[in-house]
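Quick mapping for you: the protein sequence lines, in order, are chains Z and G.
The first sequence: position 52 = 51 (numbering that gives the first Met the number 0), numbered continuously.
The second sequence: position 358 = 357 (numbering that gives the first Met the number 0), numbered continuously.
Derived by calculation from the structure, the hints in this document are not laboratory data.
Fair warning: there could be bad hints in the mix.
What the hints assert, rightly or not - Lysine-lysine pairs mimicking PhoX-like chemistry, simulated, CA-CA at most 25 Å apart: (1) G:LYS616 x Z:LYS148; (2) G:LYS255 x G:LYS69; (3) G:LYS151 x G:LYS45; (4) Z:LYS33 x G:LYS258.
On a predicted model such as this, the values are computed, not experimentally measured, just so you know.
Listed below, chain by chain, are the residues.
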Amino acid sequence: MADLALTLNVNGKSHTVRVHPLARLLDILREELKLTGTKEGCGEGECGACSILMNGQVVNSCLIPAAQAQGAEIITVEGLAEGEKLSPLQAAFLTHNAAQCGFCTPGMLIAAQDLLNRCPNPDENQVRDGLSGNLCRCTGYVKILDAVKVAAQEGSSR
Amino acid sequence: MIGAPAIRKEGRAKVLGSTCYTDDMSAEGALHGATVRSQIPRGILKGIHFGEGIPWNEFVIVTAADIPGKNRVASIVHDQPFLVGIGEEITHPEQPVVLLAHGDRQLLVKARKAVRLEVEELPAVLDLQSSLDLTQVIYGTNNLLKEIHIRKGEPDSVWSQAAHVIEGEYRTGAQEQMYLEPNAMLAVTERGDPNAQVTVYGSLQCPYYVHGALKQLFDLPDDQVRVIALEMGGAFGGKEDYPSVIAGHAALLSWKSGKPVKLVYDREEDLVCTTKRHPSRTRIKTAFDTEGKFLALEIDFVLDGGAYATMSPVVLSRGALHSTSVYCCPNVHIHARAAATNTPPSGAFRGFGAPQSLFAMERHMDVCATQMGMDPVELRRKNFLKIGDSTATGQIIQENLDLGGLMDRVLKEIGYHDKQKAFAAHNATDDPIKRGVAFSVFMHGCGFTGSGEATMASVAGVEGLADGSVSVLAASTEMGQGKNTVFSQIVAEALKLPVDMVNTAIVDTKYVPNSGPTVGSRTTMIVGKLLEDAAYGLKQSLIQHGFLKEPYSPEAFKEAVQKAHARLGSIKSYAQFHKQPHIVWDDASYRGDAYPTFSWACYAAEIAVDTVTFEVKVEDFVAAQEVGRVVNPVLAAGQIEGGVAQGIGWGLWEDVVSNQGRMVNNQMTNYIIPTSADLPRIRVIFLENPHPAGPGGAKGIGELPMDGPAPALLNALQNALGPLRLDEVPMTPERLLTRYEEVYGG
Numbered sequence: 000m001a002d003l004a005l006t007l008n009v010n011g012k013s014h015t016v017r018v019h020p021l022a023r024l025l026d027i028l029r030e031e032l033k034l035t036g037t038k039e040g041c042g043e044g045e046c047g048a049c050s051i052l053m054n055g056q057v058v059n060s061c062l063i064p065a066a067q068a069q070g071a072e073i074i075t076v077e078g079l080a081e082g083e084k085l086s087p088l089q090a091a092f093l094t095h096n097a098a099q100c101g102f103c104t105p106g107m108l109i110a111a112q113d114l115l116n117r118c119p120n121p122d123e124n125q126v127r128d129g130l131s132g133n134l135c136r137c138t139g140y141v142k143i144l145d146a147v148k149v150a151a152q153e154g155s156s157r
Numbered sequence: 000m001i002g003a004p005a006i007r008k009e010g011r012a013k014v015l016g017s018t019c020y021t022d023d024m025s026a027e028g029a030l031h032g033a034t035v036r037s038q039i040p041r042g043i044l045k046g047i048h049f050g051e052g053i054p055w056n057e058f059v060i061v062t063a064a065d066i067p068g069k070n071r072v073a074s075i076v077h078d079q080p081f082l083v084g085i086g087e088e089i090t091h092p093e094q095p096v097v098l099l100a101h102g103d104r105q106l107l108v109k110a111r112k113a114v115r116l117e118v119e120e121l122p123a124v125l126d127l128q129s130s131l132d133l134t135q136v137i138y139g140t141n142n143l144l145k146e147i148h149i150r151k152g153e154p155d156s157v158w159s160q161a162a163h164v165i166e167g168e169y170r171t172g173a174q175e176q177m178y179l180e181p182n183a184m185l186a187v188t189e190r191g192d193p194n195a196q197v198t199v200y201g202s203l204q205c206p207y208y209v210h211g212a213l214k215q216l217f218d219l220p221d222d223q224v225r226v227i228a229l230e231m232g233g234a235f236g237g238k239e240d241y242p243s244v245i246a247g248h249a250a251l252l253s254w255k256s257g258k259p260v261k262l263v264y265d266r267e268e269d270l271v272c273t274t275k276r277h278p279s280r281t282r283i284k285t286a287f288d289t290e291g292k293f294l295a296l297e298i299d300f301v302l303d304g305g306a307y308a309t310m311s312p313v314v315l316s317r318g319a320l321h322s323t324s325v326y327c328c329p330n331v332h333i334h335a336r337a338a339a340t341n342t343p344p345s346g347a348f349r350g351f352g353a354p355q356s357l358f359a360m361e362r363h364m365d366v367c368a369t370q371m372g373m374d375p376v377e378l379r380r381k382n383f384l385k386i387g388d389s390t391a392t393g394q395i396i397q398e399n400l401d402l403g404g405l406m407d408r409v410l411k412e413i414g415y416h417d418k419q420k421a422f423a424a425h426n427a428t429d430d431p432i433k434r435g436v437a438f439s440v441f442m443h444g445c446g447f448t449g450s451g452e453a454t455m456a457s458v459a460g461v462e463g464l465a466d467g468s469v470s471v472l473a474a475s476t477e478m479g480q481g482k483n484t485v486f487s488q489i490v491a492e493a494l495k496l497p498v499d500m501v502n503t504a505i506v507d508t509k510y511v512p513n514s515g516p517t518v519g520s521r522t523t524m525i526v527g528k529l530l531e532d533a534a535y536g537l538k539q540s541l542i543q544h545g546f547l548k549e550p551y552s553p554e555a556f557k558e559a560v561q562k563a564h565a566r567l568g569s570i571k572s573y574a575q576f577h578k579q580p581h582i583v584w585d586d587a588s589y590r591g592d593a594y595p596t597f598s599w600a601c602y603a604a605e606i607a608v609d610t611v612t613f614e615v616k617v618e619d620f621v622a623a624q625e626v627g628r629v630v631n632p633v634l635a636a637g638q639i640e641g642g643v644a645q646g647i648g649w650g651l652w653e654d655v656v657s658n659q660g661r662m663v664n665n666q667m668t669n670y671i672i673p674t675s676a677d678l679p680r681i682r683v684i685f686l687e688n689p690h691p692a693g694p695g696g697a698k699g700i701g702e703l704p705m706d707g708p709a710p711a712l713l714n715a716l717q718n719a720l721g722p723l724r725l726d727e728v729p730m731t732p733e734r735l736l737t738r739y740e741e742v743y744g745g
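Extracted from the complex, chain G is given alone in its bound form (with noise of 0.2 Å):
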């Protein structure tokens, strides 16, 4: 079952148009709620006053003053109020303050503009540089959401004897998410009912975040809090974190009101209120010997966090541990900073600080090739990894990596060579049209960083069901990259069963352990292999009570779980993650195994620009990536194009223009997302390695293809324009302009 390309488990409902997403679920006499925000980046919040023509005694109105429990979200540092109450400061322009529901919608969105804020006004702190030259302290002590050194020999006994030491800076804007479906959520609540008293229904990629927080909102024990994830449209790391404070508002105001409450934004609230990639700027000082292989590298790599904590904390961890891509350098020194700012909190996207760092290195190493006269190709190939180097935390490469091999098979795949000859002579005519081809090579951390899946210690089962088929008992959620398909694979495999013998369990906290979030590109590898582990424990102890006999057929299979259960009831297999012992992190030097494996991978660009309106066209693009082994070859290219689609995206047009703090460019008019007409056929290659941490082999893919594009655009419009200044993305046709033009002129 494991290679096969089995098909999508919801697929059929998803064709038919009967899958149920958040907002197609209907609850007697539900309400509608709507939240009023701050409006302004920073200031006390002095006053709430409801405005004339409005019948305010039908409305459900909820304010800070109405929280039961603590009034901050359960995050990795719990900093932000769910409602800022009378006398709190608000720090973001978006902040909810007041909290609205009512039964016609219409009237409400009037409502909303009704209320007006008294608030004083402080200065405040928008951009990067700012937070970080603290102009105004508006965290802690110094602006600083988190810091990290990393630290490998001594760089700087190397730069006076380098024969060459390239600087460079480079920057990444934010990037929204863009899930089709809008943020969701039905709350429906029974004060006093002993099965649960605050139960959530929504789009949401973590299950126990948002259980946490509903449970420190409302003061509530674990039982008495229920979430239930629906089927989500789309995610890519924008439902990790925010979901906790939507699911918080819906359930405030069904508490107050007794009655089901559904929050639905549409898109330009959600676009202008929930998390986006956090914005970044690189610094990159490298040292290299005459040959060009690595002496030194120094990196100061720097997060715009917004106004909160939220994610920021573990975002610069894996941006900080994937900026020095793929090399092997003896003397290391990186510096991350995630900064605050008067701004909505940056959060998760898919690649969670890693396409940051990574096109701040992928594309400083075609820079400095071009500085030093060498070939790109054979520069990066000096300064690979392999097996039994140490990477910047002293983890030594275990597997046998053939980086170069990648390389080159990408390279010959789109032509690279001959094209990079026949461009160079197109190039040279007056045709406006240029033409570039390049690549990025790059990896990408499978599961969590460090301790994090130890100390998280995930559980995931599988139940045998009366029918005698097999039930996958995991938080994770699907949110269209394929879960049910991919563990119902993986627990057919371990069973020897057909895969329509395998299905997962409605994602429900009440009926399926926690498994962790839906993040990473954990749920595969990580949680995968606790199902498989588990499937293995349903199946030895079918055996050991004398229900099942090796070898058998999956008629037997079923016959013993239907015997099992009518004889024992409940039938539940579980498995737990236990600290792997060969594998050592220490937190507090960021020293060891930072990851349990990589996912590797060599992306190629060919482009052409107009050099009138600077308009890049993707004309080819090929995505090679090693990822262990792949349980199902066409629900993985599904990934691997879309997030390459996504990089695209990011890499050339998706600018999130702000001013004062909140973006104006909300809504999916000018928010620039790539449609049919504007993406070369994204050409996927698997290489397989299989890796004994995940099941059947497999490694984590969900992220991988968001690291590469961007840097392989940029460096193939060098390979078009020459060594201009292209040292940010989205490389806008009017950024394009600037930057062209600094170099020949207007």
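Bound conformation, chain Z alone (with noise of 0.2 Å):
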């Protein structure tokens, strides 16, 4: 099969990529943009490891299939902090403790911006709705909630 020619616009930069047919926007992101913050950690959508923001809403690029991906903009985690400023939910998560391992950290990062973007006031029901799909084996998500409750708190909308 011939590969397929696309161009997005990744972190607020356009990319023109040759990838595999059957690629997903995962393997562009890690494989070709060598993005490597975006995890996969199932494959099948269930993680949210390598969530991403499209086209300004969160998605598993794991499901995206590369085609999707023309001329798309896409936001990841290493397009959260401004130069060597963590944004304000990155720096929450690093003094809360709300990254442990941090191989879901990426992910549960652009989950938690997506919901301050649309909820920038969210109690903490709606917190964990708003994370709910992503997935989080080492911290309970206690410390996350507290995370995202103190970036809320400091105005992280944007």
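Assembling the complex is the task here: the two chains are given apart, and the hints tell you how they should meet.
Next up, the structure:
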């Protein structure tokens, strides 16, 4: 099968890539663009470790065929900080120990950012609901809830 | 520094997404590896056939015949082959037979399916009872991977005179660790390279286990094998022993091809073939006097070990040693067996046998209280271990233990007595939602069992670097538990430095000593103590050589290290674990001090159960523990919260379903772990009672939180629904419905 040529915007930069027609958006990010912050935890859209923002919506990048990414605007975990400056959510995750092993963290941050974009002052149930598509096996979610709440209070939507 | 909520050392990289996990590493020209597995539980391998339509000449193909050294995975027992050879026995349905590597992953997937194995099938043993009944002899002469007897007093002299003799049988299912990062290895080999012929980078808990396994597989000396532990996306015991197999496979493919090989399991493969928590069956017979004091305990504890020994002998040991929970009993007989079945080997998982036996005992205590018409609080209080008492192995409790106080604190925190009354009234109404509150009391032994630490004689060290900072040299790995931070805090405290002047070195067997595996709640207490000693050694030698004078400022220490480094080159200080003379253990009789010390805990759960759907909701959870001194309260609380979440999952939802010895729900879609919407806020309480065995008085905490939730939840279900047959975890809605109907009808 012939490779597929695609142009997409990732974290504010335009990229043109040639990929296997069966490649997923996750493969483009990790293998073509070397943006390895986005993780593969299950490959079936269940764990959320590969969450990214695509045209402003949170999606599991393991479920997005490459062809669908043509022309898309993508934000990955690498696009959250401004240079060396952590985003309010990243800073809150760090100070509240919301990242233990760190493997779910990139997807969790993206899902939390999406939540705060939609709902700047969520109550605890809204946070639980907003993050329920992202599995974490280390924290029991307590510190993650704390971090999202603190980031919300400091105004993390944008 | 000890006691401070220092920020996680590697936390910034983790929130930036810049942490390098194994699959994030790129290696020039690396091939992808794949594993062809047996697919039948038992048989003799007769042939391997490579099907049509695949350009096999482009593939790297490894079979047992290609192994340069010994085809056995170095472990407690060297019984497991890396690959089954022609004419050899297949002993479980996921046994590796052929390894393939290719640059094109899509083609590799096709090729794996095109390999056909010719097998003469043999009758298999697929469950624990068939193994014990010896329907087929599949391991040794009696199917037992390990058998232990622990005896104290004369239980048989007691039964006939006891006021109450109560028996029970309890079962626990397998549990998947479900670390978010699937297993992954990258092997780079260079035949004839004097620095290291075989190098493996991977997601692994125990670098020196993998190092030992690769030495034996390739028949190479120590310095020719190098293992580098990368950041791990969780492990929980699941990356304790199986990584030796994966590392061996990746290295064999690399050795044959001369190219780097990456072997990364997808989730389905990881779930179906790697180790899980041992399923268990525990039978308990207890005798009490008229007051409810223990007279005798007989415990028959059995684990399903799967096809090979892996960690079963030591998992069984820990399970047996925790089976009497926190109670003093004058007459005890514990009979523990790990039996083989034709299923993928069971292995390490947080708690290591203790959650299984503690579930049985802590559940049994509530069953006994009900049968004797006693309050479960007072029944436990009458029997708690206290200073001067002896355990089943004859270990004398040396610490000032106040389990009653710990229990009362938790009951008060969750409002136990008021809620018991309120729920009794509520549950008498016709509301289909029934409510319950209950608890468990338990302990977890810190460090290796018995003589384990003395035999292993771990080494850890510190190094003064050219820039004046201090580096921690230890083989302990970071899997999210926080060892980078906790080790730095311990060394900073010993040297009176700010924590940012201490960092942990990369865990590379070429540079760090063998400080033992990262398991068994031993990292903070055992390795941390060695680091404390090594740090004192570094300070003393700086003083003796005239570089440093006490008292000193951090700046003065930094200058002293810089000067010493410039003058002497490398400055390192090591400490080794030595047998402590007051700790006595006899492996043959299982008598003596089973652990240097224990962490102690009481957990309480409040639940609501819907008697229409049998869905159970955990409404509140209080976890209180005495863990010596807490090194980092924020990280420690995170450990407890996460462990409790896993314990709740095991108690209610996480069900490994098997058919013909294979896990069939090997996906995150149908093996259910808790989400943020499923759990309450877990409320953590630490009671501090510094213990001399650990650095700054710290004890182990990693496994403890896995032990208490399951019995607390099922005790709470009993409180809500009455004395049903709540004898098994996970207590899924389906199982709960069956048991409800046994008592209340359909």
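Hints and how they fare:
A distance of roughly 23 Å separates the Cα atoms of G:LYS616 and Z:LYS148; the hinted pair therefore holds under the 25 Å criterion. Using a Cα cut-off of 25 Å, the hinted pair G:LYS255 and G:LYS69 holds, with the two alpha carbons roughly 16 Å apart. At most 25 Å may separate the alpha-carbon atoms for a hinted pair to count; G:LYS151 and G:LYS45 exceed this at roughly 51 Å. Distance check on the hinted pair: Z:LYS33 and G:LYS258 sit about 21 Å apart at the alpha-carbon level, within 25 Å; holds.
Violated hints amount to a single one, hint 3; each of the other numbered hints is respected by the structure.
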